[in-house]
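With the sequences and hints as input, model every part of the structure.
So the sequences go chain by chain: L and A.
Residues in the first sequence are numbered from 1 upward in steps of one, following my numbering.
Residues in the second sequence are numbered from 1001 upward in steps of one, following my numbering.
Computed list of lysine-lysine pairs in DSSO-like fashion (alpha-carbon distance at most 27 angstroms, straight line):
(1) L/LYS121 - L/LYS150
(2) L/LYS121 - L/LYS95
(3) L/LYS150 - A/LYS1350
(4) L/LYS95 - L/LYS150
(5) L/LYS121 - A/LYS1350
A partial selection of chain L residues facing chain A, derived with a Cβ cut-off under 10 angstroms:
(6) PRO4
(7) GLU82
(8) TRP268
(9) LEU330
(10) ALA354
Okay, the calculated bits of chain L under chain A, using three or more residues with CB under 8 angstroms as the criterion:
(11) 48-57
(12) 61-72
(13) 194-202
(14) 228-237
(15) 244-256
(16) 331-339
(17) 378-392
Calculated from the structure, these hints are not laboratory results.
Using N, Cα and C, we set each Cβ at its ideal position, and we do this for glycine too.
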Amino acid sequence: MTFPLEGVRIVDLTWIIGGAGGPRLLAALGAQDIRIEWRDSPDTLRFLGATIPVGEDADRIARGESLVPERVGTNQGGAYSEMNAGKLGISLNLKHEEGRDLLRRLVAISDVVVENFTASKLASLGLGYDELRAVNPRIIYVQQPGFGVKGEYTDFVSTAPVAEAITGLTYLAGQPGSPPTGWGYPFIDISASYYCAMAILGAVYHQRRTGEGQYIDCSLADPALYMTGTALLDFQANGRPTALAGNRDPSTGAAPQGVYPCLGDDRWLAITVLDDDQWRSLATVLDLGPLVGDARFATAGDRRANADALDAELAERTRRREAEALMVELQAAGVAAGVCQTARDRLEADPQLAHDGAFVPATNSEVGTWPVRAMPFSFARQQVSPGGTLGRGFPCYGEDNDFVYGELLGLSAEQRDDLRARDVI
Amino acid sequence: MTASEAAPGGFLAGVRVLEIGDEKGEFCGKLLAGAGADVARIEPPGGSPSRRLGPHYHDIEDLERSLHFWHYNTGKLGVVVDLATDGGREQLRRLAAKVDVVVDSTGPGTLAGMGLGYDALAAANPGLVMASITPFGIDGPYRDWHGSDLVHLALGGVLSQSGFGAETGLGPVAPRMWQAAQMCGNLTFVAILACLVGRLETGRGDFIDASIHRAVNFNTIEDVPYWLFHRQDVIRQAGRYAAPRLLPDPRLTTADGRHVLAYHYLPRHYTILRTLLREHGALTDEDEAALAAHPDDESPEAQDLIEGLVARWVAEVPFDVDLWRDAQRARLNWAPVRRPEDNLDDSHWKVRGTLVEIDHEDVGEVFVYCDQPWLASGAPWRTGRRAPRLGEHDDLVLGGWLEEGR
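Quick look at the structure:
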């Protein structure tokens, strides 16, 4: 089986999550992605967040102990391993003129250059779109600063929380009477990386049909605003400001709908009831007794109007139930219910994700074999896999210098040794 | 710029799509339409169930007034096909022979049960790319389970990280606006584009099995590595990203009860804040004396003192004064916690063309939509027309598309 993107080559100058996440999708779909780093300023994701254990720490984790692994090298970034699986890794010093020449030579044989530095960084090195297009007129050049290149906020600091807050994504989560609670992880970093992948794929499609390259201005903020649903329309059409609504959904009017406490430490079950049939099923499973005939809860409209009282009654009952068992029972009765699963739940106790192969092993030459998330779709005919055509996990720093500089650029071993000795690669 | 002035095109110009099913497939279809494809939104005679989703224009429930349907169906063509009849199924089979992509959210096995599954359709059209978007995938133990956006955000791991901390007893809170469906729509669109690129080489399409459950599970970030590599749970904490430990709360309250996020974590941030407070006249003589007594911005005492002064300053100023801009100009990581609609008047989006006007001649108004998630020099995003009325393009699609010899 082949991958759909075989033959597409990407020069990947991205970093952290929002940048590295897009090319990682394309590598999983078969593109050859050449991830470039330099040791003076390696991807900070190599050193942030979870650490992949090695040696004795790895043995202890395998035995089920909880610990913070010691970081002894540059190839133990936990999130880095997911964002860079299936990529080639090379070292290249862009502060060196010969390094910039090597980049131009890579661009000459590639389809895409993608980076998420600040807007003017690569242009200041003589590696902007105009310079690279002169090297390869078919090149697709993608920039991805947080607020984009065009526009008055381009120089503002734009981390994921900033992009989420200004666009209104943060405001979509919260309880009336409290400050917005927002997203519990950098949602827009990972989600905007999908848009970077879309933009690249669209440009590759265009290039394959017309021979034309192009310049693309991606951001975190535009996709964030794009994902705020009907808020803009509701305000314009009805004059209704976006409101904090807890876990209720005014668009469906589902009632009850909420997240209910269950037995155990911080265990919660999400339940959505859309109609009277589901309400009766819920009543049977939770043994609601006289509440079924209660006038406050007779129709969907009544249940919406008295949602606070209803939620309190339900919580009294769910509190005595084990979350997983109640979920299974409700689903069997035709009611949408789902445990608020942790990572552990999904990795160890979700039969559907296990069936799907949602986590697959990927091997790195230094830290060994660990699971990474598979793409959330599969094909009937073609291949898709987080290890891509390489069939492996993330690259160690500079791991593929010989292949890229030797096989792809045709430099001899002596030439590579010389470049290495002079801090070019 | 209005829709009628927007450049035609889009990189998928000439690509034809059928979108069949409910709201679960609509975001993917909206992206395809924005990319320039001609997307026929196939609906039953009574209209798509998503036309019943609120809110509605002027809060009047009507099939043509669902703002949900408006938003998620920009740029599409409206076509009625009754799959409950032999004639309707035959129409769909003939249409599927003439298009490039089918997006199906009718549920596992539904179309196959009508003889309209991928194998049957691809036999007549080997280049067809067919994407199935379902709650839990087309097979497996949860295949027939019921989802909702809230339930998916719970099962996929968003909720265990989002909302109030466990110690409050208030529990997780979900981001609204169909985020689970949008995650799957985004990733399905990526898969479709990859198949279209591959098809240029091979001439062959493919079947895509996309599940909302997997898409949500795929969207979280650090919770999975922390469990895999540390066997640590991340801690849910309101207004912050979940982490193995509690982090400082960046939310400051303005004079009118709105909020600003303010992140300070390096000594130089506190040095900048001293200047900012002074420039804005936010310091009394007593404050100046206290600051002078704590000159070292690396010391926790100085940092606490400055945080307190900043919180007091922000609390005295209304949200609209936009203190965050001054902080940003001083290179501080600040942002206003806006409502989405607060962006309608912000010229940043207008300059970028992120916000565009779409004519709703059906109600005699023009509305601003967010309809350009990136800028491209070569094949720009295509701002579409308003969402179609029920059956508005029956003649164009059932007549034109079917008659053409493609």
